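Kindly produce the complete structure, drawing on both the sequences and the hints.
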Amino acid sequence: MPGLILLKNGRVIDPVNGIDQIQDVLIADGKISAVAQPGTLPEQAGCLVYDLAGKWVVPGLIDMHVHLREPGQEYKETIATGTRAAAAGGFTAVAAMPNTKPINDNQTVTLFILAKAAEAGSARVYPVGAISSGSKGEQLAEFGELRQAGAVAVTDDGLPVGNSQLMRRALEYAGNHDLLVISHAEEMTLSHGGAMNHGALATRLGLRGIPHVAEEIMVYRDLALAEFTGRPIHIAHVSTRESLSLIRRAKEKGVAVTAETAPHYFTLTEMAVDGYNTLAKMNPPLRTEADVAAVREALRDGTLDAIATDHAPHGELDKDMEFDLAANGIIGLETAVPLTLQLVRENQLDARRMVELLSVNPARILGVPGGTLSVGAPADIAVIDPEKKFVFTEESIQSKSKNSPFLGWEMQGKAVLTILAGRITWGQDTFSS
Amino acid sequence: MTSEYRFTHKHVLGLADFSVEDIQAVLQTAESFKEISSRSIKKVPTLRGKTIINFFFEPSTRTRLSFEVAAKRMSADTFNISNSGSSTVKGETLIDTARNLAAMNPDCIILRHPRSGSARLLADHIEASVINAGDGTHEHPSQGLLDLMTVREAKGEIAGLKIAIIGDIAHSRVAHSNIIGFSKMGAAVTVSGPATLIPPGIEDLGARVSRSVMEAVDGADVIMALRIQKERQQDPLFPSLREYAKFFGVSQKVADAASPEAIIMHPGPINRGVELDPKLADGSRSVILEQVTNGVAVRMALLYLIMGGD
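So the protein lines, in turn, are chains H and B. Just so it is clear: in the first sequence, position 190 is 190 by our numbering, and no numbers are missing. Just so it is clear: in the second sequence, position 103 is 536 by our numbering, and no numbers are missing.
These are calculated hints, taken from the structure and not from any lab test. Keep in mind the model is a prediction, meaning the values are calculated, not measured. Check each hint, because a few of them may be wrong.
Listed next, with one range per pair, are the computed distances between beta-carbon atoms [claimed, not checked]:
id, chain 1, residue 1, chain 2, residue 2, range
1, H, Ala115, B, His442, 53 to 63 angstroms
2, H, Tyr75, B, Glu468, 54 to 64 angstroms
3, H, Asp274, B, Lys505, 12 to 22 angstroms
4, B, Glu491, H, Asp274, 19 to 29 angstroms
5, B, Arg439, H, Asp274, 20 to 30 angstroms
6, B, Pro633, H, Ala256, 32 to 42 angstroms
7, H, Asn277, B, Glu560, 16 to 26 angstroms
8, B, Ser515, H, Thr189, 32 to 42 angstroms
9, H, Gln139, B, Thr629, 30 to 40 angstroms
10, B, Glu676, H, Asn277, 32 to 42 angstroms
Just so it is clear, CB atoms sit at the ideal spot from N, CA and C, and this is done for glycine as well.
This is how it looks when you write it as structure tokens:
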């Protein structure tokens with residue numbers, strides 16, 4: 001049983017309770033026991049005490065879009081290493097995408113993932129089931145059993161639903177089981193064979209481009225289907241300006257849509273691909289300056305609800321090859337905090353908004369606990385040092401894979417202590433109590 | 434060229450990496466080597482003891498033979514590996530195969546590969562020099578250089594010429610290298626073809642885009658027709674070869690719109706009657722076979738410049 005922990009003098013940012021001030025937080029029995037003025041909580045015997053002056057104390061971060069690769073591709077990541085990377089990044093919960101091997105399209109895989117997560121235990125794992133059996137886009141997966149087993153949402157992420165009727169039925173049927181439908185918006189006939197963003201750079205490199213309309217057409221379709229069915233939809237990894245305009249307009253109309261982007265879409269442009277840098281190859285691809293600006297704007301104005309990393313571990317042998325054969329995706333759990341903090345430093349976001357995007361809203365969208373430091377809530381907490389500078393190196397990475405375009409970057413801001421249900425999952429050695 | 438100029442490239446990956454001086458150096462060297470091929474004993478000892486591997490993942494007759502002839506006329510030892518005979522068909526990756534080749538200490542690997550960027554990938558992983566003999570839809574620098582040489586021979590000066598490149602610009606590494614090379618040398622390049630085969634941002638490489646073939650060739654000094662790859666027909670890029678020939682083929686009428694002294698070029702192999710009227714291909718204005726002859730000279734020059742210095 002986790003003991004008492006007292007977090008002293010930190011800047012507590014808890015948007016749900018409207019708190020942004022220096023407070024002490026007491027944790028007992030895995031729950032938040034008290035939040036009070038500094039110095040007013042008694043230091044009981046055996047209490048682990050941390051002086052967090054200059055640090056932020058926020059609800060544990062929740063990454064609603066990660067690929068943990070287990071079962072099936074344990075050489076890239078396991079639930080143990082993936083949740084450890086999560087903890088190192090300040091995350092206390094992750095939603096695990098279903099494109100494992102086998103696909104998580106049935107309760108057996110969901111139960112396996114949850115059992116492994118209980119064993120590994122560095123973060124809560126919320127399995128996301130497949131929309132279609134085998135993510136083949138033909139038959140609906142067994143949503144009822146997936147839900148019963150513990151899945152919180154369904155998606156065919158990575159193998160997007162091309163068939164509009166199937167997507168419509170998924171939205172309708174998900175309502176019976178209170179499952180969120182997550183859309184990986186990609187019109188495959190337009191993106192087919194593409195390796196990077198469509199445009200002059202793709203032409204210069206001789207790579208086949210993925211036009212932004214490939215995303216936008218499906219964003220529009222899924223917004224239209226959400227409106228038509230009256231069911232909520234969540235749009236994953238939004239990368240283009242026009243997708244954001246469509247989502248903004250749908251929200252104005254009252255469509256039940258939420259949306260996420262990933263740190264790379266507000267940090268990098270397609271120029272990162274130049275020189276055939278497979279570490280910058282992802283799907284959707286990195287876009288243009290105008291898209292980056294639009295993503296930043298949408299994070300500010302509420303068009304985007306969440307920052308999710310799309311953590312996509314790949315081994316060297318999946319990346320060190322011809323560009324258009326290389327795997328899509330980058331790891332993201334350990335760079336989300338510094339990259340988002342960069343927006344805060346540039347006054348694009350305030351700290352409260354950052355916490356909403358990385359914790360409050362993902363919890364709300366997925367319908368899972370967390371996102372708050374309310375007394376009585378599970379003690380899922382991230383302590384962030386917004387000033388801490390470090391160079392992001394392979395050696396520092398907790399994930400099993402090292403595929404990041406941010407290797408070698410000087411970063412500022414880091415999770416220094418992560419607490420999951422009152423148990424320290426990261427940063428035990430960072431402080432002396 | 435300034436007197437302190439030196440050709441310093443270890444690899445030949447694309448004309449995008451070449452300066453005007455680099456291109457001039459290759460062309461001058463090629464012009465001086467061309468004469469070797471017309472001797473009765475067509476061999477000089479310049480690259481004796483050098484080992485060159487022709488590593489071809491795509492079918493190629495003329496480029497591969499051209500490199501081999503060039504290397505042999507310079508007395509280098511050459512070896513050919515093709516896709517079907519290589520261990521890549523047994524599942525070995527390009528990098529692994531290349532490392533194994535590199536372990537045999539070749540001086541130069543000449544790579545033809547269907548993936549853009551593969552030549553650079555190879556160069557990043559091995560010690561030997563790499564010459565890109567065509568990587569995907571990226572570049573084919575030796576072809577660009579031999580085309581420059583051919584135009585310079587025919588026209589004297591490249592700067593100020595009007596070059597019209599007609600056809601599949603999107604999938605043509607030859608077009609890319611030519612647009613880069615000719616525009617660097619001061620020519621005005623116009624491309625035309627079905628809009629489905631004009632890639633975005635081609636202007637950034639130095640080309641003007643024209644919707645009309647007739648307009649593109651208007652007053653041109655050089656007409657270059659590109660090969661239509663019939664295997665791309667499953668992608669709906671244009672309705673039929675018949676319609677292509679009618680609206681985008683280089684016909685006598687098209688040629689008549691160009692300068693009366695305009696030369697006709699084609700990188701080969703030609704789909705006769707599709708992208709180029711056979712009469713033009715074989716006519717007096719055609720320099721298509723000179724392109725092939727110059728290919729050997731340009732490749733001798735490249736091999737000499739990257740390996741002959743030591």
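Verification of the supplied hints:
1. H:Ala115 to B:His442: 53 to 63 angstroms: 57 angstroms, holds
2. H:Tyr75 to B:Glu468: 54 to 64 angstroms: Since the Cβ atoms of H:Tyr75 and B:Glu468 sit about 58 angstroms apart, the hinted range of 54 to 64 angstroms holds.
3. H:Asp274 to B:Lys505: 12 to 22 angstroms: Since H:Asp274 and B:Lys505 have Cβ atoms about 37 angstroms apart, the given range 12 to 22 angstroms is violated.
4. B:Glu491 to H:Asp274: 19 to 29 angstroms: For H:Asp274 against B:Glu491, whose Cβ atoms are near 25 angstroms apart, the range 19 to 29 angstroms holds.
5. B:Arg439 to H:Asp274: 20 to 30 angstroms: 27 angstroms, holds
6. B:Pro633 to H:Ala256: 32 to 42 angstroms: 36 angstroms, holds
7. H:Asn277 to B:Glu560: 16 to 26 angstroms: 22 angstroms, holds
8. B:Ser515 to H:Thr189: 32 to 42 angstroms: 34 angstroms, holds
9. H:Gln139 to B:Thr629: 30 to 40 angstroms: Between H:Gln139 and B:Thr629, where Cβ atoms are some 36 angstroms apart, the hint holds.
10. B:Glu676 to H:Asn277: 32 to 42 angstroms: 40 angstroms, holds
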